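**Q** What follows is the residue order along each chain.
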Amino acid sequence: MSGLSEVSPAVSARQPRSTVASARFYSRSVSIGLATPLIAALLIGFVYPVTRLVALSFEGGSLDNYRRLVAEPLYLDVLASTVKVAFIVTIASLFLGFPVAYLMARLRHGVAMVVAACVFIPLWTSVLVRSYAWVVLLQRNGIVNALLADVGITDGPLKLIYTQGAVIVAMTHVLMPFMILPIYSTLRTLPPDYVRAARNLGAGAFRAFISITLPLSLPGVFAGSVLCFVLALGFYITPALVGGPGSMLMATLIGQQTTVLLDWPFAAALSTVLLAVTLIFVFLFRKTLSLSKGLHSVH
Amino acid sequence: MISMPLSWNKMHKLMLAGILPLLSWSSASFASEQVVIASTGGAYDRALKAAWFDPFTKATGIKVVTVVATNAEMRAKVAAMVKTGNVTWDLYLDGEIQAASTAHKAVTEDLTGFCKQFAGRRDLGANACAAGGALLQSTATLLAYRTGDGEPTPQTWADMWDSKTFPGERAFPNFDDPWRVMAAALLADGVSREELFPLDVERALEKLDELRPSVSVWWKTGDQSVQGFRNGDYSVGQIWLTRAKAMQNEGLPIGWSYKASFLVGDRIALVKGAQNRDNALKLMAFWLNSPEAQAQACEVLSCTPPSTEAIALMSEDVRKTMPHADEVRDYMVVPDAEWINANAAQLLQRWNEWLR
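Here the protein sequences line up with chains A and B, keeping their order. According to my numbering, the stretch in the first sequence is residues 534 to 832, in order. According to my numbering, the stretch in the second sequence is residues 2 to 357, in order.
Just so you know, these hints were derived from the structure itself, not from any lab. The model shown is predicted, which means the values in this text are computed figures rather than measured ones. Glycine is no exception: its CB is placed at the ideal position from the N, C-alpha and C atoms. It is possible that part of the hints are untrue.
What the hints assert, rightly or not - Straight-line alpha carbon distances no greater than 27 angstroms define the calculated DSSO-like cross-link-like pairs of lysine-lysine that follow: (1) K165(B) <-> K692(A); (2) K321(B) <-> K50(B); (3) K221(B) <-> K692(A); (4) K221(B) <-> K617(A); (5) K283(B) <-> K260(B); (6) K273(B) <-> K50(B); (7) K283(B) <-> K84(B); (8) K283(B) <-> K50(B).
Stated by the list, open to error - Label pairs and their in silico Cβ distance ranges: (9) A613(A) <-> A159(B): 45 to 53 angstroms; (10) G86(B) <-> L661(A): 30 to 38 angstroms; (11) D210(B) <-> I676(A): 28 to 36 angstroms.
What the hints assert, rightly or not - Far from chain B, some chain A residues (derived; all Cβ distances over 12 angstroms): (12) F591; (13) Y599; (14) T658; (15) R673; (16) G675; (17) T722; (18) P778; (19) G779.
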């Protein structure tokens, strides 16, 4: 933060304020030069391995791995339940995360920092630690069961840990910051004058939220949803720790093939299918986003 | 941009700071003799270091570098190293059954020649040194239970299925290696030890259907299996002997039965194309030749060492809880590694289908 504010006056002093001009500050060759390391890193570290992975799944030019994947109901069933879990987790993160982001954007600076810390500190904590924390909370003699019994809601301990529900709760907790932060950043740039104007024109608080704040925050909502959804599709550690046999996800099956059976071509086929499904969903999300944007600009 | 350009002096220091670690690293890999071994870390690693690696370094001057990874990670990493020709490990530890698989043979060196030197040894069993690796230790996966006051205790797998006599919930492992759960079900269903393999998978799963409602935990890590006993999540479970022993040492009322047990072990395997091959062979030979090291490590880990001389060196307390020779002969099931490996993919797929 401080480094940035030190640099920016120097840059703006030399340049006119227009953003177009500052983008042209560097000559074409310098721009390419500056982008080269990133492009190289992406090509070597991402495009090449993914291409190799996809190629590996078609080993020997055959579709055998994909045939097996389709023939055994297990794999497509698990894929469907992976998508379902990712969807539920995304929706849950959205409903829980939006109010937090809204609060962070509207609170006074000092209080907002406290809320931000509550969001960031879990984000900086290892996923492993956060998942184990849920094991402690949800286990048979855990805090949640003790509380329920003491209040008199339940007679005996409930089975909370090693269930699908536990997986959804823990994954939502882990992924919430990825929902909150994009929404927060769009809400913060939203001038309060818009809402004030709506209220002046007679809109109630709810109406102003529905017609002004919500539609204008949609880019953040979609960015957060895509992030959450994509990350949830590939989750591995959390389901392994808090999930039971019923909460088998795609990543678990890929892990088995990679490390237990060492059948890498089949693992590659499973990964390719998961990647394809992820890309399809990202594409659909984008389509929905541009659609809703268009509709709102008509109004 | 804003700060002053770095002075030559500062620059010099920075460069040195960057280069020095590189220098020391390269001198470590070229100048001194070493051997790199991957193991699962934690208490296991500490025990092996104290009993085996440190005395070895003292005797030979060869440094032992340990790398920590889970067994599954090791298998995947070694396979990747051999495939890409970039081998940085020399030795790694793997399960007895995996060490007999074709995938294992593809990435490790056949030790038949190395093993010849141990052929005449009376204290070592025939399997102490095999093509897939030298035997590190043996232990068991078995039936463990919480003991009550004078109540009868479950002794066989059939007892584990008998919820009337032995009430309470059950636990089974689910770490992607389902043969031992299926085998237990078949033994409970009356299949004899001799006819156990090849496993009748469908019959095993049918028998497991009976018990399934009582199974409260399908554990994935050894730690989980212990936590469940501590919490009272279950009272009877199929777990590792080493973990059961650890709980007993903690003072928990835990017992186990060798009448319901499978013999399993760990092997030390030599990676194909290992850079420090000679040192690696020396380290393996040191283990098999040193009953003292084996006794010291197994005293801590409560495992059975490969050498009978090592067993004699261990304390009475530890020996008491080790399986007796007649128990091994009469009850312990030695898994058919060849069949398990040949059917691993199918077993796991059927298991996943059944489990979810």
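**Q** If we take the beta carbon of T722(A), is the closest beta carbon in chain B still more than 12 angstroms away?
**A** Per Cβ check, T722(A) is outside 12 angstroms of chain B; nearest 27 angstroms; holds.
**Q** Take a quick look at whether K165(B) and K692(A) sit within 27 angstroms of each other, Cα to Cα.
**A** Roughly 22 angstroms between the alpha carbons, so the hint for K165(B) and K692(A) holds.
**Q** Between the alpha carbons of K283(B) and K260(B), is the straight-line distance 27 angstroms or under?
**A** violated (38 angstroms)
**Q** Checking the smallest CB distance to chain B, is T658(A) really beyond 12 angstroms?
**A** T658(A) is indeed farther than 12 angstroms from all Cβ atoms of chain B, at 19 angstroms.
**Q** Are all beta-carbon distances from F591(A) to chain B longer than 12 angstroms?
**A** holds (18 angstroms)
**Q** Between K283(B) and K50(B), does the CA-CA distance stay at or below 27 angstroms?
**A** holds (16 angstroms)
**Q** Per the stated criterion, does the least C-beta distance between G779(A) and chain B lie above 12 angstroms, as a non-interface residue requires?
**A** Label violated. Min Cβ-Cβ 6 angstroms, cutoff 12 angstroms.
**Q** Within 27 angstroms, alpha carbon to alpha carbon, are K283(B) and K84(B)?
**A** With Cα atoms ~25 angstroms apart, K283(B) and K84(B) stay inside 27 angstroms; holds.
**Q** If we take the beta carbon of R673(A), is the closest beta carbon in chain B still more than 12 angstroms away?
**A** violated (5 angstroms)
**Q** K221(B) and K692(A) were given as a pair; does the straight-line alpha-carbon distance stay at or below 27 angstroms?
**A** holds (17 angstroms)
**Q** Starting from K273(B), check that the Cα of K50(B) is at most 27 angstroms away, please.
**A** Status holds; Cα separation ~24 angstroms.
**Q** Range hint 30 to 38 angstroms: satisfied by the CB atoms of G86(B) and L661(A)?
**A** Holds: the Cβ-Cβ distance is about 33 angstroms, inside 30 to 38 angstroms.
Hint check: violations occur at hints 5, 9, 15, 16, 18 and 19; the rest are consistent with the structure.
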